[in-house]
Amino acid sequence: MNPFSVQNIKHTQDITGLSTEDSAKYIAGGTNLIDLMKLQVETPSQLINLSQWEDEQSITEHDDHYRVGAMVTNTALANYAYHKPSLSLLSQALLSGATVQLRNRATTGGNLLQRTRCYYFYDTTKACNKRQPGSGCDALTRMNRIHAILGTSDDCIATHPSDMAVAMMALDAKLLLTAKSGNERVVPVREFYCEPGSTPHIENILENEEVITAVIIPKQRHGSQYYRKVRDRSSYAFALVSVAAGLVVKGNRIEKVTLGFGGVGTKPWFPVSAIKVLTGAEFSDEVLDLAIDAELADAKVYGSNNFKPDLLRNTFKSVLNSLYEHQCENDDYEGALYEN
Amino acid sequence: MSTLFVNEEAYPLPEDPRTTLLDFLHQHLAMFGAKKGCDHGQCGACTVLVDGERVNACLVFAFQLEGKSVTTIEGIAKNDELHPLQKAFVERDAFQCGYCTSGQICSGVALMDELAAKNPSAVTCSADYSPKEDISERMSGNLCRCGAYPNIVDAIQDVIALEPQ
Ligand SMILES: Cc1cc2nc3c(=O)[nH]c(=O)nc-3n(C[C@H](O)[C@H](O)[C@H](O)COP(=O)(O)OP(=O)(O)OC[C@H]3O[C@@H](n4cnc5c(N)ncnc54)[C@H](O)[C@@H]3O)c2cc1C
Ligand code: SF4
Ligand code: FES
Ligand code: FES
Numbered sequence: 001m002n003p004f005s006v007q008n009i010k011h012t013q014d015i016t017g018l019s020t021e022d023s024a025k026y027i028a029g030g031t032n033l034i035d036l037m038k039l040q041v042e043t044p045s046q047l048i049n050l051s052q053w054e055d056e057q058s059i060t061e062h063d064d065h066y067r068v069g070a071m072v073t074n075t076a077l078a079n080y081a082y083h084k085p086s087l088s089l090l091s092q093a094l095l096s097g098a099t100v101q102l103r104n105r106a107t108t109g110g111n112l113l114q115r116t117r118c119y120y121f122y123d124t125t126k127a128c129n130k131r132q133p134g135s136g137c138d139a140l141t142r143m144n145r146i147h148a149i150l151g152t153s154d155d156c157i158a159t160h161p162s163d164m165a166v167a168m169m170a171l172d173a174k175l176l177l178t179a180k181s182g183n184e185r186v187v188p189v190r191e192f193y194c195e196p197g198s199t200p201h202i203e204n205i206l207e208n209e210e211v212i213t214a215v216i217i218p219k220q221r222h223g224s225q226y227y228r229k230v231r232d233r234s235s236y237a238f239a240l241v242s243v244a245a246g247l248v249v250k251g252n253r254i255e256k257v258t259l260g261f262g263g264v265g266t267k268p269w270f271p272v273s274a275i276k277v278l279t280g281a282e283f284s285d286e287v288l289d290l291a292i293d294a295e296l297a298d299a300k301v302y303g304s305n306n307f308k309p310d311l312l313r314n315t316f317k318s319v320l321n322s323l324y325e326h327q328c329e330n331d332d333y334e335g336a337l338y339e340n
Numbered sequence: 001m002s003t004l005f006v007n008e009e010a011y012p013l014p015e016d017p018r019t020t021l022l023d024f025l026h027q028h029l030a031m032f033g034a035k036k037g038c039d040h041g042q043c044g045a046c047t048v049l050v051d052g053e054r055v056n057a058c059l060v061f062a063f064q065l066e067g068k069s070v071t072t073i074e075g076i077a078k079n080d081e082l083h084p085l086q087k088a089f090v091e092r093d094a095f096q097c098g099y100c101t102s103g104q105i106c107s108g109v110a111l112m113d114e115l116a117a118k119n120p121s122a123v124t125c126s127a128d129y130s131p132k133e134d135i136s137e138r139m140s141g142n143l144c145r146c147g148a149y150p151n152i153v154d155a156i157q158d159v160i161a162l163e164p165q
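Sequence lines, in order, name chains A and B. When we follow the working numbering, the leftmost residue of the first sequence carries the number 1, and every step to the right adds one. When we follow the working numbering, the leftmost residue of the second sequence carries the number 1, and every step to the right adds one.
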């Protein structure tokens, strides 16, 4: 690992006065950054240590939203969301990610900004435009079983690996960002991530040295909710496909549908086309097919990931069918599909 | 206060910030209980407790833990008395080569607190599950090459049954 210096921040206002080097990086839990530093994929000359950032370690409830500090751990957020019916899909998404050990360290800000798990990105002997712009992309023609089918480009097909971010997409969370100048802005998570295009190293709209301060989750009704993650082993693995969904039905008409897809997009995927087809429609097997057809219209496969469109279709239909059955039996229900 | 507490003793933080907690335990304190398996958060052999919560010692720099209390396997027994989970591991023969055992025990000790606090798991969020499946899910951050899993789960169940829930 290359040598680096450390700066500590304790309060949000400390960010304003920071003197930082060009390759400085924030370090929150460290569970992704330290891994990448050991592999020489990331080589910051300076770390800005957020461990003692006291202002942003808690969750607060307000009239119309929840505010989650960037340094709230995945464990703390999962435990909290578990007891809030309208956030139950977020709890399930968090609990399906990584392990207790990792979730105890992983933070809300760090989880949103974790890097892809593309094998070639992690292997510095391979071509990767994301790691080294202009060097090519070995994933396009080699092992791409875990790679994306939506939002891809000729330069990069890596998925965003976060489960939590998929749930945040579905719940229409907003990110509070603070710049070194002290300026603050609020950006919907649905507008935060960038598709790779010809610049796969630019993954989001965060400007130089801007920090994620908190996540704001609006209070909304999502009805029966479920986060279904399909993966190669039952635990401790990233999603091949995941579906975050909430459904409210009246009679058999879809009043509201909340959706996010993971494992299939170059960013946590917000399925606009599917939602358009479903909202207001009569629930049926046909309408589910129409919705997922619309979302998959622009999908591309790359060889080893040819199975993903079908896997997404089947997972999506199975999740929505379970939610529909549950809603029909429990009209005004709000919360997880399985209550214990 | 550049101090870190390990098993209740205070130590100065290492000078080189590149030192992970795991390397600090091994190279500075000569405590080899926590094991290095993968060094990338993928096996759980390095599991220790930080302020009572289990974490991977290989994916945290020592400087990130300034002022915090670390408990390693060396600090789990009280005086000469083994922790009930350590005894259960012996009784159930929950280890074969034993390499993963210190991480498994630290993890299991934290797991019992997490159950007592009624923290949810991915398994408790799904239909029909058994306490055994729930323990397996909660222990899934600790891999064991020798496949001693069934005995590990049994040992944990023994101790949970002894403790009032
Ligand atoms: C073995 C293993 C399995 C895993 N499995 C899963 C899984 O199944 N699902 C899943 O979703 N995740 C999984 N993860 C990833 C894990 O969730 C992430 O590593 C973690 O969420 C990152 O959070 P952190 O706080 O440790 O981030 P760090 O490693 O500290 O930081 C990550 C990035 O975010 C930046 N950053 C951090 N905080 C801020 C901030 N507030 N503002 C601006 N920049 C910031 C850092 O500079 C860095 O670039 C796994 C990880 C491992 C090692
Ligand atoms: S898919 Fe993206 S991250 Fe993976 S090798 Fe290609 S450019 Fe790199
Ligand atoms: S050595 Fe830390 S998890 Fe494997
Ligand atoms: S007993 Fe050998 S690795 Fe677990």
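Any given hint could be a false lead.
Quick list of in silico lysine-lysine cross-link-like pairs, BS3-like style, CA-CA up to 27 Å [what the hints assert, rightly or not]:
{"#": "1", "chain 1": "B", "residue 1": "36", "chain 2": "B", "residue 2": "68"}
{"#": "2", "chain 1": "B", "residue 1": "36", "chain 2": "A", "residue 2": "38"}
{"#": "3", "chain 1": "A", "residue 1": "276", "chain 2": "A", "residue 2": "250"}
{"#": "4", "chain 1": "B", "residue 1": "118", "chain 2": "A", "residue 2": "219"}
Partial list, computed: chain A residues near chain B (C-beta under 7 Å) [stated by the list, open to error]:
{"#": "5", "residue": "34"}
{"#": "6", "residue": "35"}
{"#": "7", "residue": "51"}
{"#": "8", "residue": "82"}
{"#": "9", "residue": "96"}
{"#": "10", "residue": "105"}
{"#": "11", "residue": "194"}
{"#": "12", "residue": "198"}
{"#": "13", "residue": "199"}
{"#": "14", "residue": "235"}
Please keep in mind that the hints were generated in silico from the structure rather than gathered at the bench. In this text, a Cβ means the ideal position worked out from N, Cα and C, and glycines have one as well.
Cross-check of the supplied hints:
1. B/36 - B/68: Holds. Residue 36 of chain B to residue 68 of chain B sits at ~21 Å (cutoff 27 Å).
2. B/36 - A/38: Roughly 14 Å between the alpha carbons, so the hint for residue 36 of chain B and residue 38 of chain A holds.
3. A/276 - A/250: 17 Å, holds
4. B/118 - A/219: 25 Å, holds
5. 34: 5 Å, holds
6. 35: 5 Å, holds
7. 51: Holds, about 5 Å.
8. 82: This hint holds: residue 82 of chain A lies near chain B, its Cβ roughly 5 Å from the closest one there, short of 7 Å.
9. 96: 5 Å, holds
10. 105: Cβ of residue 105 of chain A sits 5 Å from chain B, so the hint holds.
11. 194: For residue 194 of chain A, the interface hint is violated, since the closest Cβ of chain B sits about 27 Å away, which is over 7 Å.
12. 198: Constraint on residue 198 of chain A not satisfied, violated at 31 Å.
13. 199: The hint is violated - residue 199 of chain A has no Cβ within 7 Å of chain B, the shortest such distance being about 28 Å.
14. 235: 4 Å, holds
The structure is inconsistent with the numbered hints 11, 12, 13, although it conforms to all the rest.
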